[in-house]
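*Asks:* Here are the chains, one letter per residue:
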Amino acid sequence: MDTIRDLVTLFFFPGGLFVLALGMSYEWVDRKLMARVQNRVGPRWFQPFADIAKLLTKEEVIPLDGNGLLFLGLPIVALAGALTSALYVPVAGWHPAYSFQGDLIVALYLLSLLTLCTGLAGANTSDHFSLVGATRTLTQLFSYEAPFLLAMLGPAVMAHTWQINEIIADADGRWMLFLQPIGFIVALIGLLGKLEMSPFNAPEAETEIVAGALTEYSGRGLALFRLGRHVELVIGLTMVAAFYMGGVNGLPMFVLKTLILLLGLVGIQSLVARLRIDQTVGLWWRWGSLLVLAQWLVLVVWEGVQA
Amino acid sequence: MTWQQVVDDFKTWARVNSPWVVHFNTGSCNGCDIEILATLTPRYDLERFGVKLEGSPRHGDVLICTGPVTLQARDRLLRVYEQMPEPKFVIAVGSCAISGGVFQGCYNIIGHVDEVLPVDVYIPGCPPRPEAIIDGVVKLLGHLKDPAPQANIEEAN
Ligand code: SF4
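Those protein sequences? They're chains E and S, same order as listed. Using the numbering used here, the first residue of the first sequence is number 10, and each one after it goes up by one. Using the numbering used here, the first residue of the second sequence is number 6, and each one after it goes up by one.
Since the hints were derived computationally from the structure, they do not count as laboratory data. Since we're looking at a predicted model, the values are computed, not measured. Just to be clear, a hint being listed does not mean it is correct.
[Said to hold, decoys possible] Straight-line Cα separation of at most 16 Å, EDC-like style, residue types lysine to aspartate or glutamate; simulated pairs:
1) S:93 x S:50
2) S:93 x E:68
3) S:93 x E:69
4) E:41 x S:50
5) S:16 x E:68
Turn these sequences into a full structure, and let the hints guide you.
*Replies:* The following block contains the structure:
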């Protein structure tokens, strides 16, 4: 019985197919809102599904230079990482499928696996655009990762635990967003950086370096990377909503809160132009990290005073 | 309906609903290119049909060529075409891409796009209006759905 339950959890709900479908739906919402902001009609509801299906049925060209095995394996690892981290967060307002002490760190690093794989995939070809894209991807990873992690650890410090479902239970009904406004803003903008959305899309700046690290990918590999990105969008939104916006109890709350967050992300995306890579790094290290560190200090001192 | 048919129908559906285009100037005067860019602006909003401009030929399904093929552009054009993964389609935009246009007989051109690549759709005009380009793309998609020849002279008149 337990095996069946585990298999269902892994492949259908809340992991696997369900997260994939949810990810593509959120991608559509993102694109549609973006289009409406630009006064366009925007894509039809099945657009991300059609894109992925088309890419999966296309020929996959494997470049001769670079390691073929890595070329084929990296997209799989990237998607697997993103899907695995879905098991530890309350997707769709459900309880996390699995949880243990410290799963917050594991989930966050599984999410970063996608970015790391993208960078490696870019470095694995001799294509100049891929190489530049890979450098930028990894540079950006190092700039937003630390502040984003610190921002997500804020609620954990308040809850005295590293376990996601305990943090959520603690944050339930408490809008951390008002208690830790800096953490919330850093988490939100860090999410933009993680997803390589404008203004942090220098790693795939199509006007400069074609498609960044994924320039050489076609067909299946590209589809898997895109799917990973979609899943990451959902998981990131879930985490920020659960930690900072008073928890995500039940499906309606989940949809409402994540969509409000997504609306905020779309707003930032359409208002701000692309930053240069050095500006991105400067922004994160000069402002993001310092601000979030200051907030951390206040938190720790406050916890010490209380204890 | 057999299983194979269902899979094929699904593939065709996905292909028809998500054509990503790669734009290549084979020697055009830039008039056609400006019109293609105008087609991709929010005013005409091709994302409605799932059309997306991609920079990398590896991501593209449809190659949009403009202008006559010059001697220099020929090698690059072939290379870009070879870099695209199957299945791929070519659209020739503008009178020059169709026949050489005003450049016909020039010392430095090979001729029209058809002499270098297999072309699926021709869009006449100098330059064609965005509406005409959209119509061409839609014709290509219609052709994918129903591969019977669609050249219908009465309809064109
Ligand atoms: S068809 Fe007209 S606009 Fe287009 S490349 Fe030829 S001359 Fe220029």
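*Asks:* If a hint holds in the structure, say so; if it doesn't, say that too.
*Replies:* Here's how the hints hold up against the structure:
1. S:93 x S:50: violated (23 Å)
2. S:93 x E:68: holds (10 Å)
3. S:93 x E:69: Given pair residue 93 of chain S, residue 69 of chain E holds - Cα atoms ~13 Å apart, limit 16 Å.
4. E:41 x S:50: Satisfied, since the Cα-Cα distance of roughly 12 Å is no more than 16 Å.
5. S:16 x E:68: holds (12 Å)
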